[in-house]
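Turn these sequences into a full structure, and let the hints guide you.
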Amino acid sequence: MLKVICSEYPAYNWNGFERVYAIVGLVHNGYLVINRFSEIPNGSDTPEETFTVIAKDLIIITTGIYSPESIVGFAHTHPPAQYIPSDEDIAGMGKGLFGLVLCENNRVWYSNSGELLISELV
Numbered sequence: 002m003l004k005v006i007c008s009e010y011p012a013y014n015w016n017g018f019e020r021v022y023a024i025v026g027l028v029h030n031g032y033l034v035i036n037r038f039s040e041i042p043n044g045s046d047t048p049e050e051t052f053t054v055i056a057k058d059l060i061i062i063t064t065g066i067y068s069p070e071s072i073v074g075f076a077h078t079h080p081p082a083q084y085i086p087s088d089e090d091i092a093g094m095g096k097g098l099f100g101l102v103l104c105e106n107n108r109v110w111y112s113n114s115g116e117l118l119i120s121e122l123v
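Under our numbering, the first residue of the sequence shown carries the number 2, and numbering increases by one thereafter.
All clues stand as given, with none of them false.
Below, computed lysine to aspartate or glutamate pairings styled on DMTMM-like, alpha-carbon distance capped at 25 Å: (1) Lys96 with Glu40; (2) Lys96 with Glu50; (3) Lys57 with Glu89; (4) Lys4 with Glu121; (5) Lys57 with Glu70; (6) Lys96 with Glu121; (7) Lys96 with Asp46; (8) Lys4 with Glu70; (9) Lys57 with Glu40; (10) Lys57 with Asp46.
Pairwise CB distance ranges (calculated): (11) Gly115 with Val28: 10 to 20 Å; (12) Asn107 with Val34: 18 to 28 Å; (13) Asn14 with Gly44: 16 to 26 Å.
No wet-lab data here; the hints were simulated from the structure.
From the three backbone atoms N, C-alpha and C, an ideal C-beta is built for every residue, glycine too.
This is how it looks when you write it as structure tokens:
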């Protein structure tokens with residue numbers, strides 16, 4: 002079981018489209034330490050249904066990252082009551098990265114192999 006240490010998650014705010022965040026932190030000895038969430042544009046042609054991350058949008062974030070930090074995954078919002086990651090969410094998550102769906106008061110972590118067992122610590 003992966004243990005997540007995060008002091009603050011992005012506020013859930015559904016405005017009719019999926020908001021996207023790069024998750025910046027590090028993984029060490031079974032802990033995912035999240036230092037910050039950096040919002041990035043949703044590059045999808047249908048942002049009300051899906052999200053897409055475009056490499057050029059990550060440049061500003063990556064220039065502010067110093068070792069041992071890295072982008073460890075991506076978080077995005079879903080419409081109310083739709084907190085389960087879609088098949089596209091799971092298939093689109095890069096190997097070794099973590100995905101997070103933010104939906105109302107729910108947070109669902111996943112990887113490209115499906116849902117993860119996560120223990121959230123404060």
